[in-house]
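J.: Per my numbering, the very first residue in the sequence shown carries number 1; after that it's consecutive.
Note that these hints are calculated values from the structure, not bench results. Since the structure is predicted, the reported quantities are computational estimates derived from the model, not experimental observations. Where hints are given, some of them may not hold.
[What the hints assert, rightly or not] Quick list of in silico lysine-lysine cross-link-like pairs, BS3-like style, CA-CA up to 25 Å: (1) K84 - K68; (2) K50 - K68; (3) K42 - K68; (4) K84 - K42; (5) K84 - K50.
[What the hints assert, rightly or not] Simulated DEER-style distance windows between Cβ atoms: (6) P27 - E92: 23 to 29 Å; (7) G74 - P32: 25 to 31 Å; (8) R47 - T9: 48 to 54 Å.
Note that beta-carbon positions come from the ideal geometry of N, C-alpha and C, so glycine has one too.
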Amino acid sequence: MTGPLRLLTLFSALFAAAYAWADSLPPAGLVPMDRMLERVAKDYPGRVLKVELEDEDDGPSGWVYEVKILREDGRVVEVELDAKSLDVIEVEEGHDWLDRLRGRRGDD
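All chains should be modelled from the sequences, with the hints used to inform the complete structure.
T.: Given below as structure tokens:
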């Protein structure tokens with residue numbers, strides 16, 4: 001392979017990688033994660049287990065924060081919020097995680 005052809009191949013690969021990376025970035029105007037976590041902590045106290053920012057059709061902005069929280073009573077709560085407005089989209093309450101480990105449901 002000649003020098004110019006190698007250079008062209010390298011630049012093509014770099015351009016494709018940069019384009020794919022830029023295309024995967026969330027849009028501007030989303031509420032920063034630290035502000036979102038402050039808001040969630042006020043209404044849903046507990047230990048944050050997991051946070052995801054997903055491109056979904058659920059929220060008005062198309063971007064949704066999903067936060068999984070372990071409450072002091074042992075139950076896990078998953079809260080979905082619109083990433084631009086922080087409006088709560090959905091709250092799912094799970095069973096007691098200790099009961100699940102023991103093979104029982106929390107509502108027995």
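J.: With reference to the structure, classify each hint as holding or not holding.
T.: Here is what the structure says about each hint:
Distance restraint check for K84 and K68: the Cα-Cα separation of roughly 19 Å lies within the 25 Å cut-off, and the hinted pair is therefore satisfied. Between K50 and K68 the alpha-carbon distance is near 5 Å, which keeps this suggested pair within the 25 Å criterion. This hinted pair checks out: K42 and K68 have alpha carbons roughly 14 Å apart, not beyond 25 Å. The suggested pairing of K84 with K42 holds, with an alpha-carbon distance near 18 Å, which does not exceed 25 Å.
Simply put, K84 and K50 have alpha-carbon atoms about 19 Å apart, close enough for the 25 Å limit, and the pair holds. Distance hint check: the CB atoms of P27 and E92 are about 26 Å apart, consistent with the given range 23 to 29 Å. For G74 and P32, the hinted distance range of 25 to 31 Å is satisfied, since their beta carbons lie about 30 Å from each other. For R47 and T9, the hinted distance range of 48 to 54 Å is satisfied, since their beta carbons lie about 49 Å from each other.
The structure meets every hint from the earlier list without exception.
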